[in-house]
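Q: These protein sequences, in sequence, are chains A, B, C and D. If you're matching positions, the first sequence starts at -10 in my numbering and goes up one per residue. If you're matching positions, the second sequence starts at -10 in my numbering and goes up one per residue. If you're matching positions, the third sequence starts at -10 in my numbering and goes up one per residue. If you're matching positions, the fourth sequence starts at -10 in my numbering and goes up one per residue.
Some hints here could point you the wrong way.
Intra- or inter-copy, both count: the list cannot distinguish identical chains.
The list that follows gives simulated cross-link-like pairs (lysine-lysine, DSS-like), each with its CA atoms no further than 27 angstroms apart [as the list claims (entries may be wrong)]:
1. LYS130 x LYS80
2. LYS134 x LYS53
3. LYS246 x LYS194
4. LYS29 x LYS42
5. LYS18 x LYS130
6. LYS29 x LYS256
7. LYS29 x LYS80
8. LYS4 x LYS246
9. LYS130 x LYS79
10. LYS53 x LYS79
11. LYS134 x LYS80
12. LYS80 x LYS137
13. LYS79 x LYS28
14. LYS79 x LYS134
15. LYS4 x LYS42
16. LYS79 x LYS18
17. LYS194 x LYS80
18. LYS194 x LYS43
Hints are computed from structural coordinates only; laboratory data are not their basis.
Protein chains: 4
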Amino acid sequence: MRGIERIILESNTFKLVSREYQNESSVIKLNNGYKIGDKKIAVIAGPCAVENKKQLFECVEFVKNAGASVIRGGAFKPRTSPYSFQGLEKKGLELLALVREKTGLPVITEVMCPENVDLVASYADILQIGTRNMQNYPLLKKVGKVNKPVLLKRGMSATIEELLLSAEYIVSNGNSRVILCERGIRTFETMTRNTLDLSIIPIVKSLSHLPIVVDPSHATGKRELIEPMAKAAVAAGADGIMVEVHPNPDDALVDGKQSLGHADFYKLMHGLIPVVRAVGREI
Amino acid sequence: MRGIERIILESNTFKLVSREYQNESSVIKLNNGYKIGDKKIAVIAGPCAVENKKQLFECVEFVKNAGASVIRGGAFKPRTSPYSFQGLEKKGLELLALVREKTGLPVITEVMCPENVDLVASYADILQIGTRNMQNYPLLKKVGKVNKPVLLKRGMSATIEELLLSAEYIVSNGNSRVILCERGIRTFETMTRNTLDLSIIPIVKSLSHLPIVVDPSHATGKRELIEPMAKAAVAAGADGIMVEVHPNPDDALVDGKQSLGHADFYKLMHGLIPVVRAVGREI
Amino acid sequence: MRGIERIILESNTFKLVSREYQNESSVIKLNNGYKIGDKKIAVIAGPCAVENKKQLFECVEFVKNAGASVIRGGAFKPRTSPYSFQGLEKKGLELLALVREKTGLPVITEVMCPENVDLVASYADILQIGTRNMQNYPLLKKVGKVNKPVLLKRGMSATIEELLLSAEYIVSNGNSRVILCERGIRTFETMTRNTLDLSIIPIVKSLSHLPIVVDPSHATGKRELIEPMAKAAVAAGADGIMVEVHPNPDDALVDGKQSLGHADFYKLMHGLIPVVRAVGREI
Amino acid sequence: MRGIERIILESNTFKLVSREYQNESSVIKLNNGYKIGDKKIAVIAGPCAVENKKQLFECVEFVKNAGASVIRGGAFKPRTSPYSFQGLEKKGLELLALVREKTGLPVITEVMCPENVDLVASYADILQIGTRNMQNYPLLKKVGKVNKPVLLKRGMSATIEELLLSAEYIVSNGNSRVILCERGIRTFETMTRNTLDLSIIPIVKSLSHLPIVVDPSHATGKRELIEPMAKAAVAAGADGIMVEVHPNPDDALVDGKQSLGHADFYKLMHGLIPVVRAVGREI
């Protein structure tokens, strides 16, 4: 893939995250030993927002049994309107800690400002930087100094080069455990919430040693599109997928239209298996 | 997939191409009996432009042996600059006819204006409408009156609804044999020529009975991205792929950077097989 | 403006339309002597579509009295849906010819395919190439051979360089009387129909000798935005504006929401005067 | 402008910043008495980044004499690469305070994270929220609790509705002194850094009582385009402009290509006067 490498690396912008700096693909090891970027496809699943103990535990138990490897759940929610539900905050973090204790699975949750990084890091196994914060540099610098892996979502209008430069902020501050995440970019098409840009996967694989996962829930905004897009992501070489699941999507406080119900998540996991094997991976 | 159907069909815009009008997926039968939209994935391959007999025949023989099912080759080329090579025109059509005779494979080539439709239809098995002509309505009406299948490429900034409405122009003029083609849309990302929007596949499958193929060559503009994107397209449910192949890509008169050499095309075909099977299709 | 020139002209793409080829700004002289690109700002006004004699004449009489210099009206209409009103076609052209006879003002109307170019040219003073046909090369070549000025609209996702290359198609075929038209580009913003890109004006003025006018009606899709955007266009250096006017916008067969009623058009003309003078032009 | 209001306000998303909530246009009064949103067009000028005392004072003295009303200068710089100059930070704030003391003009500077808000507010007259932080909600909430006006830049892919919702975050937290700023959105066009969307001005004026200024420097990325775009902004109804000026643009540490030299800034101020008057404003 010399053509692409030449284009980018001439601008000599990112260093530590580049394939030139480290030829071997990074495998991100969580503190409990679970690996992302290895042969096994990571399935990060759970509700968009932690709403209450019942909703969370019901969902988590289901997705664990169906094969999820990491539990997602938002405690601090970046909402477009100040009048929308902003998350359970610290209470949500405590519930996620309970989930980890009960299931043994690692949990991932979003952190939105530098001053909350230590708090969130004391509960979560992976810190998520959301799409609106991909270029929140004080936040990137701060998570660069924590001893927890970071999942960095692509900004909704960020170029691939800008995503890699934001990863460089984290790594150059001392934290090399970065997982990239494609979640769709903003285009003129209105039938999907965003346009999932799967070409980022082979490009990132060519330019960088970092793993990349795909979030088809936010990318499409429509639950019917999650399964085909998850399959496509795996076929294109993604190291994992991240999906929103809710015991009763139509009652979800946040993003219900793009959440899978339990039966649909089970169907997704089942449908992914042959594609995962076709590209020589495991699930 | 009621969510999507509701959104679109409320606007009640397209009719004959809709799933509501015809619930069963259309299988487009070429005049020689070959089918697109059936269980078998179509592989449409060949040079971007027909340059001369040697180049064309060398390429065609190779792609046929490697498993291509339809031969592509441009005789009339829509070029951004008036000073670029505009194609061999009628001479190119004659060479394509020779190819069909020699190989028994159907050929597809682009037609750019209504007055050439009858000429091109007398040589080609499938008429291609290019991305710049997706909303060239006199051309759509004219190919709607011919007895040859039409491959309709999505405009580079066309919404999915607009693509289906352009298909409706063709079908409502009498030609129901329409194959849709996703070839990337224009976005801010500069590392790819366009952004391949694979979510169109399940959306089209939900809203319409027409088959859809994917062109990863024009979508990405980079040959290194063709194989992963072709696999992703198949995993997402595409009915075929369309790729540019050239005996010596670096010497191609048009689009060399996005053309596969023979070895790469062979590798692509080989790599596609397990993915095709994983989604229950054949190749 | 060396920065921009360098970027573009290094690619050495367009020639005859460039400032390097002709340093002096082109003034396009219509066959009746009226000039576009001179000190006087052109005001091209009229209904989106010619619907009938009464509607057309009522509108034309009004806009003439209010100061319009060219009459616009669509006879062949490129409509997204095959089931929408497609225009009065030849009957519409005849009505436009009557308008010219009665008012003495030049008329402009769209031509959509090569085979209609001679017909439309026999009625119209300026041939319009619509946004969907900016890269319809057979059409560009054909209007390049006619003895009538051509107004070339920017494609809805065309770069400025591509617009200039399409103009180059016309000029290199022999017709140097080309007027460019900015009409908005497709972006993610949904509150306007398109996003008016006024920076094209100083860029075109730097790179090319051709005049450029602005169509705020199609750019915004909302009649309330026409006056401020028309003023902005003139302030940025546009050579004219093109607006849709309808005797009763809410009853218009096409694009009523973006058409001005008579009172609003009068207010627009009145509001433009001080801005026109502020930039040293006339109206 | 009922058409637009209806579209938006049906979604009933923003409240305190809406025209429905407050019909009269807000005039933002700075602590020193200077007003933005009144009859007088605000001219916010100065270097992109404060580099050193000499550069800053040379620039400030010039722009003050040429008629600037507010001094801009970055102390904390959000840079795409971690290896680019990140600003003088506290030292830069101290220099800006000296500037205010010496010139009597208010100063504006960017704040990038909640924990620096109090620090920056103790030096600056207006707090700037940059384009990458338009949806940094903890930051918006924090500046909503300070007794200093806030200039909120539109995110590079934010819709107008999202910009107004981000303003709503600030106002609903207690700070009603918000000035909006259009600085270009991300599109496919590569000849400009972003695409300046001037239609936002009349839309904001219709939907909200907040003032809006335009930054043609970041919007275009090219100094040659600043003057025509500044004129267009004023003609469209902007309450001010924000431009980057540098004593020697080609030596600037940040954004030199889009900075005006002193002579060009003087020419801009001179050229603006007649347009300002044409729309009934003062400068």
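Q: So, for every hint listed, does it hold in this structure?
A: Checked hints:
1. With identical chains, the CA atoms of LYS130 and LYS80 are at most 27 angstroms apart both within one copy (26 angstroms) and between copies (20 angstroms).
2. Taking CA atoms no more than 27 angstroms apart as the test, LYS134 paired with LYS53 passes in neither setting, with 31 angstroms inside one copy and 43 angstroms between copies.
3. Proximity of LYS246 and LYS194 under a CA criterion of 27 angstroms is satisfied inter-copy only: 19 angstroms between copies versus 31 angstroms inside one chain copy.
4. Taking the shortest Cα distances, LYS29 and LYS42 never come within 27 angstroms of each other, neither inside one copy (30 angstroms) nor across copies (48 angstroms).
5. Taking identical chains as interchangeable, the C-alpha atoms of LYS18 and LYS130 lie at most 27 angstroms apart only when both belong to the same chain, with a minimum of 21 angstroms there against 35 angstroms between chains.
6. Proximity of LYS29 and LYS256 under a CA criterion of 27 angstroms is satisfied in both settings, with 19 angstroms inside one chain copy and 24 angstroms between copies.
7. Taking the shortest Cα distances, LYS29 and LYS80 never come within 27 angstroms of each other, neither inside one copy (32 angstroms) nor across copies (50 angstroms).
8. In the homo-oligomer, the alpha carbons of LYS4 and LYS246 lie at most 27 angstroms apart only across protomers (25 angstroms), although the nearest pairing inside one protomer, at 39 angstroms, exceeds that limit.
9. Taking the shortest alpha-carbon separations for LYS130 and LYS79, both the intra-copy value of 22 angstroms and the inter-copy value of 18 angstroms come in at or below 27 angstroms.
10. For the identical chains of this complex, LYS53 and LYS79 are intra-copy neighbours only, at 24 angstroms inside a copy versus 49 angstroms across copies, given an alpha-carbon limit of 27 angstroms.
11. In this assembly of identical chains, LYS134 and LYS80 lie within 27 angstroms of each other by CA distance both inside one copy and across copies; the values are 25 angstroms within and 24 angstroms between.
12. When the C-alpha separation of LYS80 and LYS137 is checked against a cutoff of 27 angstroms, the pair qualifies only within one copy, where the shortest distance is 21 angstroms, while the shortest distance between copies is 33 angstroms.
13. Proximity of LYS79 to LYS28 under the C-alpha cut-off of 27 angstroms is found in neither arrangement, the shortest distances being 35 angstroms within a copy and 47 angstroms between copies.
14. Taking the shortest Cα distances, LYS79 and LYS134 sit within 27 angstroms of each other both inside one copy (21 angstroms) and across copies (22 angstroms).
15. In the homo-oligomer, the alpha carbons of LYS4 and LYS42 never lie at most 27 angstroms apart, since the shortest distance is 43 angstroms inside one protomer and 33 angstroms across protomers.
16. Within a single copy, LYS79 and LYS18 get their C-alpha atoms as close as 26 angstroms, which meets the 27 angstroms cut-off; across copies the closest is 38 angstroms, which misses it.
17. Taking identical chains as interchangeable, the C-alpha atoms of LYS194 and LYS80 are never at most 27 angstroms apart, the minima being 38 angstroms within one chain and 41 angstroms between chains.
18. In this homomeric assembly, LYS194 and LYS43 never come within 27 angstroms of each other (Cα to Cα): the closest approach is 40 angstroms inside a single copy and 37 angstroms across copies.
When the structure is compared with the earlier hints, violations turn up for hints 2, 4, 7, 13, 15, 17, 18 and for no others.
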